[in-house]
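Generate coordinates for the entire structure from the input sequences, incorporating the hints supplied.
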Amino acid sequence: MTESATAPRYAPGTHPDLPPPRRTTGVAGWMYKNLFSSPLNIALTVIGAFVLYSIVPPMLEWAFLKSIWTAESRVECWDKMEVPEEAACWAFIKGRLNIFIYGFYPEAERWRVNVSFVLLIFAVLPVLYDRLPQRKRWFWYVAAFPFLAGWLLVGGFGLTPVDTDQFGGFMLTLIIGVTGISFSLPIGIALALGRTSDLPALRILCVLFIEFIRGVPLIALLFVASTMLNYFLPPGTTFDLLMRVLIMVTLFSAAYIAEVVRGGLQGIPKGQVEAADSLGLPYWKAQRLIVLPQALKISIPGIVNTFIGLYKDTTLVLIIGMLDPLGIGNASLADAVWAGLAREVYLFIAVFFFLCCFGMSRYSLYLERKLHTGHEEI
Amino acid sequence: MATVDRTVGGRRPGSTMGASEISISIHGMHKWFGQFHVLKDVNLEVKRGERIVICGPSGSGKSTLIRCINRLEEHQQGSIVVDGTKLTNDLKNIEIIRSEVGMVFQHFNLFPHLTALENCTLAPIWVRKMPKAEAEEAAMRYLERVRIPEQAGKYPGQLSGGQQQRVAIARSLCMNPRIMLFDEPTSALDPEMIKEVLEVMVELAESGMTMLVVTHEMGFATAVSDRVIFMDAGEIIEENSPEEFFKNPRHERTKLFLSQILSH
Ligand SMILES: Nc1ncnc2c1ncn2[C@@H]1O[C@H](COP(=O)(O)OP(=O)(O)O)[C@@H](O)[C@H]1O
Ligand SMILES: [Mg+2]
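Which chain is which? The protein sequence lines are A and B, in order. Residues 1 to 378 (our numbering) are what the first sequence spells out, left to right. Residues 1001 to 1264 (our numbering) are what the second sequence spells out, left to right.
Please keep in mind that the hints were generated in silico from the structure rather than gathered at the bench. Heads up, some of the hints might be wrong.
List time: in silico DSS-like cross-link candidates among lysine-lysine, alpha-carbon distance up to 27 Å [unchecked claim]:
#1 LYS370/A to LYS1132/B
#2 LYS1086/B to LYS1129/B
#3 LYS297/A to LYS1040/B
#4 LYS136/A to LYS80/A
#5 LYS285/A to LYS270/A
#6 LYS285/A to LYS1092/B
#7 LYS297/A to LYS312/A
#8 LYS297/A to LYS370/A
#9 LYS80/A to LYS94/A
#10 LYS285/A to LYS1129/B
#11 LYS285/A to LYS136/A
#12 LYS94/A to LYS66/A
#13 LYS136/A to LYS1092/B
#14 LYS285/A to LYS1086/B
#15 LYS66/A to LYS80/A
#16 LYS312/A to LYS94/A
#17 LYS1129/B to LYS136/A
#18 LYS1047/B to LYS1086/B
#19 LYS270/A to LYS1047/B
#20 LYS297/A to LYS136/A
#21 LYS1255/B to LYS1040/B
#22 LYS1154/B to LYS312/A
#23 LYS285/A to LYS1132/B
#24 LYS1092/B to LYS1129/B
#25 LYS1255/B to LYS270/A
#26 LYS1154/B to LYS136/A
#27 LYS1195/B to LYS1040/B
#28 LYS270/A to LYS1247/B
#29 LYS1092/B to LYS270/A
#30 LYS1129/B to LYS1154/B
#31 LYS370/A to LYS1154/B
#32 LYS1132/B to LYS297/A
#33 LYS285/A to LYS1247/B
#34 LYS297/A to LYS285/A
Rendered as structure tokens:
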């Protein structure tokens, strides 16, 4: 037949395990399969390499190799370059870094922001990393963290009070983002369960809430928060603007989370609840132990997608006059000494947002992989 | 597996055996799905320790009948009394009955995010409030009894169908049920796995468990059942001892059904 002369024959039942053909494994195998497997693939590889070659080196030159890191003004920056405007002037950002981070938080009190940030890291750790020793005990700290951070940032009870309209910069982004993310998840889950429950009144209430919030742009809600809420509150009450924004952002994102989680709930076969029922598990335990872990796992990409959207939407608060990084950037660009360095400012802010969002996205992939219990050996 | 402890999971010592010999009693029970009359005037008494096989054509209401017994389906007329507790809308009663009645499903319905062991310990820990170590020890005993202790740490997705169904049986047994319901436990399995599940069920039957088994495995029916019930179009058409049932079916529909399932 067509067998090559070199292939040895084995008696039936004695065929040994052979290694796979050379071209299918290792670096060469990977390159062949992913870069050069077909004419189209080869063409795409060549085009890709060319595009990278023509973009990356000039970018590096602009951002690092030729950039200026110390100067007192735009003019001085450009004087230091061989050709004016040929590279980035990071001196501008460097000089204003504190404002970008803290907004107008009083300088003497900025240590409180730093401490809150460190506390935040310790609060996030047990939530994200489940192999932390004593994880259950850490959750007491996690639950206490919002109050602790709130006290540190706003002051009172022995600390100098700081007005929230002095908050700004990345600190403001983090405050709105972290609050929105951590409160919208539980609220969203509750809304999703309500919307899928058998109790008509509860269901209708949840549907109305979700559909109303989803039907209104976040900006409109923020305007409501900044202007109209005063009409609804008894006269004389002052209700902090930041607080109102936090509530609106949280509710907005909760409505989206609810729909994402509802999608996950629908992906759970009826047999799962029946099995839980047949074992005598009451409704809440069945939801908590059987349905939600599976539904949330399916929903991870959608949930993280919503969180990333929320995080980027925090920049909208600039429209109601809060100084988020974009607001600070715009204000800085109005400074006559530095005007004209928009590229640096916006790139800097973009990198900050990108790193945060990319981090969330990678974490969600890690989580998906970790929770995968399908047809695989561990 | 050399020896198997036949008392584990069977009748509990000191249970109310004398007090009520009747385990399940169903009287004049009707059920509708919307307008569709799915169960019609069902009457059935199951004695403690009795093993009953239910068979009948697809769509005749077998699943619905046994699902009414642990209230996965609600009946609209007549009464169902399980272990002395009447099934009503009282949620507490339903939870009590469910924790006393085990159920094994056609498609296993294992919890895919939990290991085999965790599947088994979940209900004892959260319903019976058993300490975790004790629950795990008991679960391991049942996993040994269904002959897969070595798979305890695996997830359902990593097990074969036969292994999954045996884990599902162990999961039910971990609640120490007085009654076990089986809904076509082998019909989703490849032929070579049917035997391993049936062996476990035979052993369970021999230990004295009260069992209601919806199955077309006639070998199982002949070997261990006390009574065979034939259903068609929502009615119990005929019931008899397995010998009589297979040798002298009385009803035309029964004969037709038997000729169909025995012809292949
Ligand atoms: N949830 C349901 N809603 C409406 N009809 C149903 C439902 N479950 C089952 N049925 C119908 O009831 C009849 C009996 O179903 P089932 O008890 O599953 O039969 P069997 O188990 O004997 O095959 C079938 O005609 C089926 O289509
Ligand atoms: Mg059925």
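Checked hints:
1. A hinted pair counts as satisfied when its Cα atoms are at most 27 Å apart, and LYS370/A with LYS1132/B qualifies at roughly 24 Å.
2. Restraint check for LYS1086/B and LYS1129/B: satisfied, since their Cα atoms lie roughly 24 Å apart, inside the 27 Å limit.
3. A threshold of 27 Å between alpha carbons decides the hint, and for LYS297/A with LYS1040/B the separation of about 42 Å lies outside it, so the pair is violated.
4. Simply put, LYS136/A and LYS80/A have alpha-carbon atoms about 56 Å apart, too far for the 27 Å limit, and the pair is violated.
5. A threshold of 27 Å between alpha carbons decides the hint, and for LYS285/A with LYS270/A the separation of about 16 Å falls inside it, so the pair holds.
6. About 14 Å separates the Cα atoms of LYS285/A and LYS1092/B, which keeps this hinted pair within 27 Å; it holds.
7. Between LYS297/A and LYS312/A the alpha-carbon distance is near 24 Å, which keeps this suggested pair within the 27 Å criterion.
8. The suggested pairing of LYS297/A with LYS370/A holds, with an alpha-carbon distance near 10 Å, which does not exceed 27 Å.
9. Note on LYS80/A and LYS94/A: the hinted pairing holds, with a Cα-Cα distance of about 16 Å set against a maximum of 27 Å.
10. Between LYS285/A and LYS1129/B the CA atoms are separated by roughly 13 Å; this keeps the pair inside 27 Å, and the hint holds.
11. At roughly 19 Å between alpha-carbon atoms, LYS285/A and LYS136/A fall within 27 Å of each other, so this suggested pair holds.
12. Taken as a hint, the LYS94/A and LYS66/A pair is honoured in the structure, with Cα atoms around 16 Å apart against an allowance of 27 Å.
13. Taking the CA atoms of LYS136/A and LYS1092/B, the gap is near 31 Å; set against the 27 Å cutoff, the hint is violated.
14. For the suggested pair LYS285/A and LYS1086/B, the alpha carbons sit about 24 Å apart, so the restraint of at most 27 Å is met.
15. Distance restraint check for LYS66/A and LYS80/A: the Cα-Cα separation of roughly 10 Å lies within the 27 Å cut-off, and the hinted pair is therefore satisfied.
16. Under the criterion of a C-alpha separation no larger than 27 Å, the hint pairing LYS312/A with LYS94/A is consistent with the structure, at around 23 Å.
17. This hinted pair checks out: LYS1129/B and LYS136/A have alpha carbons roughly 19 Å apart, not beyond 27 Å.
18. For the hint linking LYS1047/B to LYS1086/B, the alpha-carbon distance of about 16 Å falls within 27 Å, and the restraint holds.
19. Under the criterion of a C-alpha separation no larger than 27 Å, the hint pairing LYS270/A with LYS1047/B is inconsistent with the structure, at around 31 Å.
20. Straight-line distance between C-alpha atoms of LYS297/A and LYS136/A comes to about 21 Å, which keeps the hinted pair within the 27 Å bound.
21. Restraint check for LYS1255/B and LYS1040/B: the C-alpha separation of about 21 Å stays at or below 27 Å, so the hint holds.
22. Taken as a hint, the LYS1154/B and LYS312/A pair is broken in the structure, with Cα atoms around 41 Å apart against an allowance of 27 Å.
23. At roughly 16 Å between alpha-carbon atoms, LYS285/A and LYS1132/B fall within 27 Å of each other, so this suggested pair holds.
24. The hinted pair formed by LYS1092/B and LYS1129/B meets the criterion: a straight-line CA distance of about 16 Å does not exceed 27 Å.
25. Restraint check for LYS1255/B and LYS270/A: not satisfied, since their Cα atoms lie roughly 35 Å apart, outside the 27 Å limit.
26. This hinted pair checks out: LYS1154/B and LYS136/A have alpha carbons roughly 25 Å apart, not beyond 27 Å.
27. Note on LYS1195/B and LYS1040/B: the hinted pairing is violated, with a Cα-Cα distance of about 34 Å set against a maximum of 27 Å.
28. A distance of roughly 39 Å separates the Cα atoms of LYS270/A and LYS1247/B; the hinted pair therefore is violated under the 27 Å criterion.
29. Distance restraint check for LYS1092/B and LYS270/A: the Cα-Cα separation of roughly 22 Å lies within the 27 Å cut-off, and the hinted pair is therefore satisfied.
30. Distance hint between LYS1129/B and LYS1154/B is fulfilled; the C-alpha atoms sit about 24 Å from each other, no more than 27 Å.
31. Between LYS370/A and LYS1154/B, the direct Cα distance comes to roughly 15 Å. Compliance with the 27 Å bound is thereby established for this hinted pair.
32. Of the pairs offered as hints, the one joining LYS1132/B and LYS297/A holds, with about 25 Å between alpha carbons and a cut-off of 27 Å not exceeded.
33. Simply put, LYS285/A and LYS1247/B have alpha-carbon atoms about 49 Å apart, too far for the 27 Å limit, and the pair is violated.
34. Note on LYS297/A and LYS285/A: the hinted pairing holds, with a Cα-Cα distance of about 17 Å set against a maximum of 27 Å.
The structure does not agree with the numbered hints 3, 4, 13, 19, 22, 25, 27, 28 and 33 stated previously, though it agrees with the rest.
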